[in-house]
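S.K.: Protein chains in written order, with numbering that gives the first Met the number 0: chain Y, 0 to 330; chain B, 0 to 330; chain P, 0 to 330; chain U, 0 to 330; chain Z, 0 to 330; chain G, 0 to 330.
Worth flagging that the hints you see were computed from the coordinates, not collected in a lab.
Quick caveat: nothing in here was measured; it's all calculated off a predicted structure.
A couple of the hints might just be wrong.
[To be verified] Ranges between beta-carbon positions, derived for each pair:
1. Z:76 / B:313: 58 to 64 Å
2. U:170 / P:329: 35 to 41 Å
3. G:235 / P:101: 47 to 53 Å
4. U:170 / B:116: 23 to 29 Å
5. U:183 / G:321: 33 to 39 Å
6. U:169 / B:285: 54 to 60 Å
7. P:329 / G:126: 37 to 43 Å
8. G:82 / P:1: 30 to 36 Å
9. B:322 / P:327: 47 to 53 Å
[Stated by the list, open to error] Below 25 Å or equal to it, Euclidean Cα-Cα: the simulated SDA-like pairs (lysine to any residue) are:
10. Y:327 / B:26
11. G:1 / P:79
12. Y:125 / Y:115
13. U:256 / G:184
14. Y:327 / B:24
15. Y:327 / Z:58
16. G:256 / U:288
17. U:225 / U:288
18. Y:327 / Z:57
19. G:283 / G:328
20. Y:1 / Y:46
21. P:233 / P:183
22. Y:69 / G:22
23. B:156 / B:209
24. U:256 / Z:58
25. P:327 / Y:264
26. U:219 / U:256
27. B:233 / B:310
Built from N, CA and C at the ideal position, the CB exists for glycine as well.
Number of protein chains: 6
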Amino acid sequence: MKKIITFGEIMMRLSTPGYLRFVQADQFNVLYAGSEANVAVSLSYLGLPAEHVTRFPDNDFGLAATQSLKRYGVCTDHILYGDERIGVYFLENGSMQRSSTIIYDRFDSAFAHIQPGMIDWDTIMKEASWFHWTGITPALSQGAADVCREAIESARKNGATVSGDINYRRNLWQYGKSARDVMPALIESTDVVVAGIADMENCAGISGDTMEEASIKFMKTFPNTKKISTTIRKSISSSHNKIAAVLWSGKELIQSKEYDLTHIVDRVGSGDAFMAGLVYGMIKKWSDQQTIEFATAACALKHAVAGDVNLVTAQEIEALVCGENVGKLLR
Amino acid sequence: MKKIITFGEIMMRLSTPGYLRFVQADQFNVLYAGSEANVAVSLSYLGLPAEHVTRFPDNDFGLAATQSLKRYGVCTDHILYGDERIGVYFLENGSMQRSSTIIYDRFDSAFAHIQPGMIDWDTIMKEASWFHWTGITPALSQGAADVCREAIESARKNGATVSGDINYRRNLWQYGKSARDVMPALIESTDVVVAGIADMENCAGISGDTMEEASIKFMKTFPNTKKISTTIRKSISSSHNKIAAVLWSGKELIQSKEYDLTHIVDRVGSGDAFMAGLVYGMIKKWSDQQTIEFATAACALKHAVAGDVNLVTAQEIEALVCGENVGKLLR
Amino acid sequence: MKKIITFGEIMMRLSTPGYLRFVQADQFNVLYAGSEANVAVSLSYLGLPAEHVTRFPDNDFGLAATQSLKRYGVCTDHILYGDERIGVYFLENGSMQRSSTIIYDRFDSAFAHIQPGMIDWDTIMKEASWFHWTGITPALSQGAADVCREAIESARKNGATVSGDINYRRNLWQYGKSARDVMPALIESTDVVVAGIADMENCAGISGDTMEEASIKFMKTFPNTKKISTTIRKSISSSHNKIAAVLWSGKELIQSKEYDLTHIVDRVGSGDAFMAGLVYGMIKKWSDQQTIEFATAACALKHAVAGDVNLVTAQEIEALVCGENVGKLLR
Amino acid sequence: MKKIITFGEIMMRLSTPGYLRFVQADQFNVLYAGSEANVAVSLSYLGLPAEHVTRFPDNDFGLAATQSLKRYGVCTDHILYGDERIGVYFLENGSMQRSSTIIYDRFDSAFAHIQPGMIDWDTIMKEASWFHWTGITPALSQGAADVCREAIESARKNGATVSGDINYRRNLWQYGKSARDVMPALIESTDVVVAGIADMENCAGISGDTMEEASIKFMKTFPNTKKISTTIRKSISSSHNKIAAVLWSGKELIQSKEYDLTHIVDRVGSGDAFMAGLVYGMIKKWSDQQTIEFATAACALKHAVAGDVNLVTAQEIEALVCGENVGKLLR
Amino acid sequence: MKKIITFGEIMMRLSTPGYLRFVQADQFNVLYAGSEANVAVSLSYLGLPAEHVTRFPDNDFGLAATQSLKRYGVCTDHILYGDERIGVYFLENGSMQRSSTIIYDRFDSAFAHIQPGMIDWDTIMKEASWFHWTGITPALSQGAADVCREAIESARKNGATVSGDINYRRNLWQYGKSARDVMPALIESTDVVVAGIADMENCAGISGDTMEEASIKFMKTFPNTKKISTTIRKSISSSHNKIAAVLWSGKELIQSKEYDLTHIVDRVGSGDAFMAGLVYGMIKKWSDQQTIEFATAACALKHAVAGDVNLVTAQEIEALVCGENVGKLLR
Amino acid sequence: MKKIITFGEIMMRLSTPGYLRFVQADQFNVLYAGSEANVAVSLSYLGLPAEHVTRFPDNDFGLAATQSLKRYGVCTDHILYGDERIGVYFLENGSMQRSSTIIYDRFDSAFAHIQPGMIDWDTIMKEASWFHWTGITPALSQGAADVCREAIESARKNGATVSGDINYRRNLWQYGKSARDVMPALIESTDVVVAGIADMENCAGISGDTMEEASIKFMKTFPNTKKISTTIRKSISSSHNKIAAVLWSGKELIQSKEYDLTHIVDRVGSGDAFMAGLVYGMIKKWSDQQTIEFATAACALKHAVAGDVNLVTAQEIEALVCGENVGKLLR
């Protein structure tokens, strides 16, 4: 079976234990994660062959990050190692009315210094059925944007489906280009887009009052796009959210069930869990409704798992879609 | 005052800290617990003299398990030590829509190898006012079933009240007999039965649409049974349950208050906490209503205590029955 | 800018991790806190100059407690060191229907042995714009009551505003005087009083069916008092409270918004967080409505912060007053 | 078999984890221990029936301390519960040239408030073959000294052997009497004395240049004393000690082997481990040489066990006496 | 490059933190390890392609154990999953004169139930240059012994070098055969043997007063054996060992440098680290002297690494062989 | 009393717990430290007024680092806050033959972006009696080198003594200048220099076979230098070092006692502890011999304290100089 390829930065995540604030912590929990790699791990956990491509510093943290991918079965054969540092992000877990906070320290990372030509995409894409990228990568550096474009082009040339999570982050985009300068050319060749209304506006200048309206305009601008999807989060507090999702099939707006997330363990990576669910359903050639239900249930379960990656099985997600086992003590 | 005797296996419980999944954990919390022993510890904590009888391997884990009983005042004078291993169970604590999971590793334990004649029940029962067993024990091995029967017979001969928590576990019963082969003879001599409708069906082939209907049939089949009780759990999620209980007094179905368990700390052992509450109320010769309220409040409080055993005092339970102190900061 | 001076005992706080009961714990979390000092730390965190005056034993625990004040910017220049011990309090964190419990071990502390004349209040108050005390201090010992009176008198003499949190604790007051013997003379010179109806009754024999009624009587008895305020807590369970507040301005009863505290991390010190918010608003010369909203939001946020002190910024509190950021992941 | 009775205070021990200094710690390890109780636990672990008599506050810490005795099999039937507090001691574990430090906070404890007549010693001593006390108890309060004397007298009357660890602590003895006022009358009736030369001088005014010389004088003054023993510690650093012991049999000075303690885990309670070894050997009626070798090996092993109590078996101690298993990985 | 294949059981290792005894621990550290897999991980860490073959239960612990191999780059493609349990071993870390202890609970594991024909060895060995087994495997069950023989035969047929660590464990061998019944046929086809004099005696009835004498006899009996090697450990205490090694080349006995291991972190797996060093040197076609020095340095470094596996690089081992960096702070 | 001013970068230190390797850790211990700030904290702990000047990012990590200075009494009034990141260093604690490793991630920190004119040195130095810098600062960036020079010049102008720890780090100096380009001008105005022979060579091209020879040449080149001192470390292993020091007084080479550091807890910051001891002795106007003994004893004790800063009192250091208390249990 051909692989799903993901491409993007992996950072060291340093989070305060429990509900400690940054200034209170004298220990940080450590793990290695990144949006696209989270999708790869999730897909691998669901049983599909996944490979992540990135660039690390050639030190023990690049090694540890690689190990964290290998551990969950993600192929790491084409990861590059070079100079510079590993990107870092710090997470303070909120509670109730106190917000969660992330402080990034990712500039000048080994990944940001990636350059076109460093990766032999055609070799990789020959073994690929799917390629996934996010809007974070082209926001990091000119080099990262260029390599992302290389990857997308190689994917299409080699017949892989392309998905992109258009994830607009205002604080990135500091290398002299704006999202609107760079993103359209990447979206152009992307089959499956995850984007909310604001993302479409920020990345492609497409506006709309409803998801349906914006999606229709979006597909006109980007005729290669076949599906547009997004999660809909209601944030009652840091501890309590509700999550649902919609998918624009090109013809209709399909809605998922909504989940009540009353005791959130860790919401970071829940969008990536959703993304992985979408890819999974589409690769399995499920109906749009089945796919969006699976992806939303995957996203919901992620909130109950510590860390960035969604360590749940397809069986567990399917049980949730069916409403089985909820609140049970499985023996 | 005469003792309450309990009999059954004690296992090493290994649980993941916080909400970590099994594959994420690099530490397990360790304690020693078992359904019947949990009842003994609970009763000891409530101020009654309790003794637990079991069989352990003659190694540091049998010793540590014995210490965990002694610590809370349970008499361990008739525990046997022999070859073989300690049974183990692994607990992954769920959250929200993610279920809790228990993996048992209890076959071939020192307890499963217990044989009739090993325990001098008459000596023990001479000092006993009550004997408690559960449906787990006869499910483990022929030897365990036989010794359980010895104990019940000796209890009756010596005038002790017998209670049994008919707790049908499909995954046990692997030694060639079914629950319906073995259980009726044990229930026969049991005064106080804890059983839900499904347990009555699985253990004795007695069915009914309501607790009342099933209980009436049950008491016809087992005329020695004087009370039948069960908890009624509504599982909104792994984090949020509601708990109430009913008791069939032989004449009427008595209902307890329902408790809203909104932030569950640990639900394992909550049935044992309920059982201990029932025994306590009956030994105190309380009314059925008082007894079921006390037992249900004990069960509710257990959900707020980490570990298998219900480390709460009679005073704390009574305060909850009266609705006192809830949400208070007691200084 | 002149300082806010607080005066009172700081204890070592020893709390069980997570939801462990006292008898289960083999580790205690350690920190140093006290009601008045919590106000000082909170004000310092909000950006105002604060100083705490107290007496410690001259050992490593007095040193560590001093460091915990310095760390958050509170001036410790006039702290005394002497013989005797540091007071201790033990905290068991409740959950759901299981109450939280505090066991005090504070008698014979270095602070309880404080004597009039030990502190040069006039030097301190010359630099002060505000002085804050609570009803805990005069309850501890004759010496503490006397020194509290010295401080209040010096504050007034030097033109500082005086606030007092009339916090009646029945278990204190063991040195031969009652609250009604001692408190009126202290309240006499206090401009801003935090007190509920029960506190007014217990400390000054003033009763009333409503906050308004009691406050009117209170101000008649104590004509120097300009504002009376109190929080209103609804305790659904140890895990779930609702909090609001009222302020009697002398003319009208001003109500704050109510906050739903659904997943309490640590409620200890939330009254002190409220007090600090009141002082902050009054020093900033905000309207009563602005002040009570700020103080209540500060109090609400404290429930999401571990430990006694409210490590939140003015910006975070103001965002909550405006309903911004709630449930957001701030990047 | 008759019991060994020990009598003395049990404190809450709060120690910093690893090698943290007091001011660095934000967690303390918690356990409950006291010199005489350590002897009881050790003897119980060695397989002898032991009972500890003390007085606790009637709160969760008195309960937890009782549980810590029960856990290791020590009888707690005659423990008293009353007002006041539990004594506390704080331990900072040294390393290399940095000394270990203990800060006591034990004044006004429930034990210090014990009074003659509170304990029915004759009932206890009827079941006793041995009674053990230390010089800490009479140093705490007049009441404790008086009750200690009651106990010794009852022990002798009932035919129990009496041992006393004359453990002079300069910082105690603050209730108006000196060691020389109180101790001689207690030593008078003590069969087995553990004392170094300095202890003999401080408690009984007996001096000598050598252990032999001092012991001869001591036995002249206290003709009931049959054996005098002490450990000899060489402190190279906090991490590295050497330990040996001597025993004056009345006729000759018997020397033990010396152990090189190169990586000390916890030295607190090692004297109590030695004491328990002495009592064990004497109860077993071993030769003096056998006894002192066993006691010294027990003392050596204690340095490798965390906490105050010597959780090692007789078999492990005997193996060390024989030089077996040292450095082995036992499978 | 062709792979090194290892075959054997992987267990869950549960160890007490720090120097706690089993009865003191309320947490266990968890990892997954086994002698042969440790060799595979070590070789993978040294940069060689390694694959481990074993059988796991088809549950989360089999999954977690597989992940722990993948993490460090070991191929897991031919691992089987089936019924039964994962073997467990418990480790209590000794200190000074207190011995370390391992309690095994490995009977009836999924691995012990392996049967001939389950593994397609020829497919595996076609890609292999080396196969490694130990004396533990044939001791576990008839099935394990048979499959080990299958593997050795397939290895030879496919031209792979065979190494065997003749590791006699008296407590295993409980299925009715003795080591001398089973081992000779396996040693017969083994090129590189790790064995001490006692192992040769126990497994093949070959005795000798010196390593040289025994090795000469051994090679006569097993003419296919080309090298015999063993570590020489001097155990001063649990904390302090010395380690060296010898290698019989067929002609001469080559000695390594001796390392003084003064502060042992974890000695478990140090023999496997040595074994991996031997294999590494031989695959690199180093001289016997170079090989034994590398293997011994690897073994020494393992004592400074927590866990069973030797997470050190070839560069670190080579630096130690040269005496570089010892005691340095590398920046 | 006038202050000691220190100037330099403070980093977040992230270290693996116990002896875990970087790739094994899933928690890092967090603290904030830097060579010059360590000197300030140490001096403050010794009772002298100290102030640290640096530049932090204006985020929670700059805040936390400031708090860690305040906590130990260091004045932070002139710290700057701006853009960019906090420097980070990662520490893996070695053991025995396994080396300790530090990985720096400090480029582009807020401190490295400091520029001349940002700090009003004259205001600071008016209150200063001493200024301390190290060779790390001028190695970080042109701006840092320039500001260091500003500080030294202002110190001299205002009559403060200047000390410099010439600490050559090959991996720094990446902004286009070499140590020899920059350092001589800074050393020029430095009264007290800490430097080994290699440092003198690398920073000023001064060589010599002995400390005496090199020091004589050094003082000829830099006639303002009055004292040169250095520690002499013998590294037996990561766990075991010996430490002594020498001081060239201008006339003679004074030697300190040597300490045997047999169980190192944390060696990072031991040079800074030495430096603080030197400054302390000189400010106290002790003899050179007294000073070097105090500084060396301070350095030795630091190895027994976790973290970068030497949390020991003058009294503890003096006791070690006198050989008192070593290996004692202080009660």
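S.K.: Look at each hint and say if it fits the structure.
M.R.: Checked hints:
1. The beta-carbon spacing between residue 76 of chain Z and residue 313 of chain B, approximately 59 Å, falls within the hinted interval of 58 to 64 Å.
2. Against the hinted window of 35 to 41 Å, the Cβ-Cβ separation of residue 170 of chain U and residue 329 of chain P comes to about 53 Å, which falls outside the hint.
3. Separated by about 51 Å at the C-beta atoms, residue 235 of chain G and residue 101 of chain P satisfy the suggested range of 47 to 53 Å.
4. For the hinted restraint 23 to 29 Å between residue 170 of chain U and residue 116 of chain B, the CB-CB distance of approximately 60 Å leaves it violated.
5. Checked against the hint of 33 to 39 Å, the C-beta distance between residue 183 of chain U and residue 321 of chain G comes to roughly 36 Å, which is consistent with it.
6. A beta carbon spacing of about 57 Å between residue 169 of chain U and residue 285 of chain B agrees with the range 54 to 60 Å that was offered as a hint.
7. One distance hint, 37 to 43 Å for the beta-carbon pair residue 329 of chain P and residue 126 of chain G, holds here, with the actual separation near 39 Å.
8. In this structure the hint that residue 82 of chain G and residue 1 of chain P lie 30 to 36 Å apart at CB holds, the actual value being about 33 Å.
9. Our hint of 47 to 53 Å for residue 322 of chain B and residue 327 of chain P is violated, since their Cβ atoms are close to 37 Å apart.
10. With a CA separation close to 24 Å, the supplied pair residue 327 of chain Y and residue 26 of chain B stays within the 25 Å bound.
11. Between residue 1 of chain G and residue 79 of chain P, the direct Cα distance comes to roughly 23 Å. Compliance with the 25 Å bound is thereby established for this hinted pair.
12. For the hint linking residue 125 of chain Y to residue 115 of chain Y, the alpha-carbon distance of about 19 Å falls within 25 Å, and the restraint holds.
13. Proximity of residue 256 of chain U to residue 184 of chain G is assessed by CA-CA distance (about 64 Å); at most 25 Å being required, the pair is judged violated.
14. Restraint check for residue 327 of chain Y and residue 24 of chain B: satisfied, since their Cα atoms lie roughly 21 Å apart, inside the 25 Å limit.
15. About 19 Å separates the Cα atoms of residue 327 of chain Y and residue 58 of chain Z, which keeps this hinted pair within 25 Å; it holds.
16. Proximity of residue 256 of chain G to residue 288 of chain U is assessed by CA-CA distance (about 42 Å); at most 25 Å being required, the pair is judged violated.
17. About 15 Å separates the Cα atoms of residue 225 of chain U and residue 288 of chain U, which keeps this hinted pair within 25 Å; it holds.
18. Taken as a hint, the residue 327 of chain Y and residue 57 of chain Z pair is honoured in the structure, with Cα atoms around 21 Å apart against an allowance of 25 Å.
19. At most 25 Å may separate the alpha-carbon atoms for a hinted pair to count; residue 283 of chain G and residue 328 of chain G exceed this at roughly 30 Å.
20. Straight-line distance between C-alpha atoms of residue 1 of chain Y and residue 46 of chain Y comes to about 12 Å, which keeps the hinted pair within the 25 Å bound.
21. Between residue 233 of chain P and residue 183 of chain P, the direct Cα distance comes to roughly 29 Å. Violation of the 25 Å bound is thereby established for this hinted pair.
22. For the hint linking residue 69 of chain Y to residue 22 of chain G, the alpha-carbon distance of about 13 Å falls within 25 Å, and the restraint holds.
23. Straight-line distance between C-alpha atoms of residue 156 of chain B and residue 209 of chain B comes to about 34 Å, which puts the hinted pair past the 25 Å bound.
24. Among the hinted pairs, residue 256 of chain U with residue 58 of chain Z is inconsistent with the structure: their alpha-carbon atoms are about 53 Å apart, more than 25 Å.
25. This hinted pair checks out: residue 327 of chain P and residue 264 of chain Y have alpha carbons roughly 15 Å apart, not beyond 25 Å.
26. Proximity of residue 219 of chain U to residue 256 of chain U is assessed by CA-CA distance (about 28 Å); at most 25 Å being required, the pair is judged violated.
27. A distance of roughly 24 Å separates the Cα atoms of residue 233 of chain B and residue 310 of chain B; the hinted pair therefore holds under the 25 Å criterion.
In the structure shown, a violation is registered for the earlier hints numbered 2, 4, 9, 13, 16, 19, 21, 23, 24 and 26, in ascending order.
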